[in-house]
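There are 2 protein chains.
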Amino acid sequence: MSRVLITGASGFIGRHTLEPLLAAGLEVHAVSHCGSPVGTPAEVTWHRGDLLTQECAQTLIQRVRPTYLLHFAWYVRPGACWTASVNVDWVQASLRLLQAFGDAGGRRAAIAGTCAEYTWQAHTHCIEKRTPTRPSTLYGAAKHGLHIVADAWARQTGIALAWGRIFCLYGPHEHPDRLAAAVARALLRGDVVACSNCRQVRDFLYTPELGAAFVALLLSGVTGSVNMASGEAVTVAEVVSAIAEEAGDRELVHVGARPAVSGEPDRLTADVARLRDEVGWRPSIGLREGATRTVSWWRQQGSFAPPASRRVTS
Amino acid sequence: MSRVLITGASGFIGRHTLEPLLAAGLEVHAVSHCGSPVGTPAEVTWHRGDLLTQECAQTLIQRVRPTYLLHFAWYVRPGACWTASVNVDWVQASLRLLQAFGDAGGRRAAIAGTCAEYTWQAHTHCIEKRTPTRPSTLYGAAKHGLHIVADAWARQTGIALAWGRIFCLYGPHEHPDRLAAAVARALLRGDVVACSNCRQVRDFLYTPELGAAFVALLLSGVTGSVNMASGEAVTVAEVVSAIAEEAGDRELVHVGARPAVSGEPDRLTADVARLRDEVGWRPSIGLREGATRTVSWWRQQGSFAPPASRRVTS
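Just so you know, the sequences run in chain order A and B.
Under this note's numbering, think of the first position of the first sequence as 1, with each following residue one higher.
Under this note's numbering, think of the first position of the second sequence as 1, with each following residue one higher.
Calculated directly from the structure, the hints in this document are not laboratory data.
Source: prediction; values computed, not measured.
Misleading hints may appear alongside valid ones.
Identical copies go unnamed one by one, so any copy, or any two together, can satisfy a pair.
Here are the simulated SDA-like pairs of lysine to any residue, each with C-alpha atoms no more than 25 Å apart in a straight line [unchecked claim]: (1) Lys129 <-> Thr119; (2) Lys129 <-> Val234; (3) Lys129 <-> Arg299; (4) Lys129 <-> Gly263.
Based on the provided sequences and hints, a complete structural model is requested.
Here you go:
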């Protein structure tokens, strides 16, 4: 049975790969700096480790000796991740991981890239082999620089490397400060949600779908950059609306109450021809169904009873 | 007095920066894995260290606390450097160095990039902000990936980073297997030199000139990529000829006796508008004068008496 190692396995994306990997018949090894999280499949072997420390990757890879590698671990705190210096540490940690993987006989890896690698113009429709890549953030540059080095190294050493560029996401286990989570949680509490004009057009994917898409990518023969997205352009308003539909009083959503984040494109969408036609994967859960499941998951987390005085406008 | 740290300071390029840095009134600290080389200025403070080891950069930077950094150290063995895995280690080592430099209050750095970062087509005239960068070698990809990460990190942290893309070189202290050195040495011995068709068009710069150009770049306010080149296109045949003119019997140069290296462009030249107009530097030593000085230097190294039986054709 082939072994796969997943980094960032307890995170927002990584945890959604565990079930599909097991379903594909792989022996699944997961690494996380906080150990085995609640609610993940019992068949997964968990390893505790911090890949930012010098020896972690080497020790871990020697122990597991995986044929496959799925690498999600990175610093992803909303807002702070765009500029944090630790992005540079993650470049180094990722290169150490790949080298250890190659040295131990690894054959195929898929790594989480980002739509922030593309040059962001006001209207950007991202096509892997055509759209220019001039990242405007340290996060995007760190991922993109890593990809350039890793891709050349992989070709040199005969490792098949796929690079999945992630767009917007929503779903269970999202960081509470990110869009869909923040809206769902606030409305479940009965709080006001202050939004920007919400006119930005984006590609949103339900995160468990992204997990399945990454597993499909890993098990395909596709190499190079692949946009990991739904292929459907929606406005942020539509996402907020879909969440609000499930979570409570739509009147609590105050559109236009906050300025838009400067420097972000009005339109940032994904061409998904590679994912659909070469990897052979397409989404099966649309925005409405994804919103229903997301809000349901947040509701299960509890602690959302609205205190009488909690009508915030921040 | 401002302090500058030079890595790779005993190498083919680095050592040629020492005199100009001293002439500019800087306190010069040099690091090399083999310590202080013979024939370098006495005013330079040498530090022995291997930047590939984990703690070296941190320790060194803490000791020197430089305002300026010139980073040349890399794996550059002719031929092998294009594909060696150690290129990936140098990406990590360079990021560690930059982070330590920034943490210790460094203000301005210039790093050695390469013309191998550009997309090599059959005829490539390289213009920094226009020519596409899709390296075809691991060496080029490692340098380019490093630049993408380092450039974004530097903007973030307020460090002024210049990235000097180096083209073809010749001059004293060249590796004996590289073109000009190999031709000069063989002819001084009276040996046959087997060359390719020598029709490739390139930009060649006399290495001591490159040292001076890098110091000018470091002390300018210019950031981003700058082609470090003469701006004059010559054929390899002209370079070989200029060396042969000084070194011995031109009849010993057998043009066409070897196949050309596949994958290299027929023409690879540099636009030097940034170097000339923004940095304000231009070369003062042409090919003829550079060849004279190069051969003279090799002659001084001695041990070139031709043994009677040494007429090789390899």
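To see whether the hints hold, each was checked on the structure:
1. Lys129 <-> Thr119: Answer is both; intra-copy 13 Å and inter-copy 14 Å each pass.
2. Lys129 <-> Val234: within (23 Å within a copy, 34 Å between copies)
3. Lys129 <-> Arg299: neither (41 Å within a copy, 51 Å between copies)
4. Lys129 <-> Gly263: both (24 Å within a copy, 21 Å between copies)
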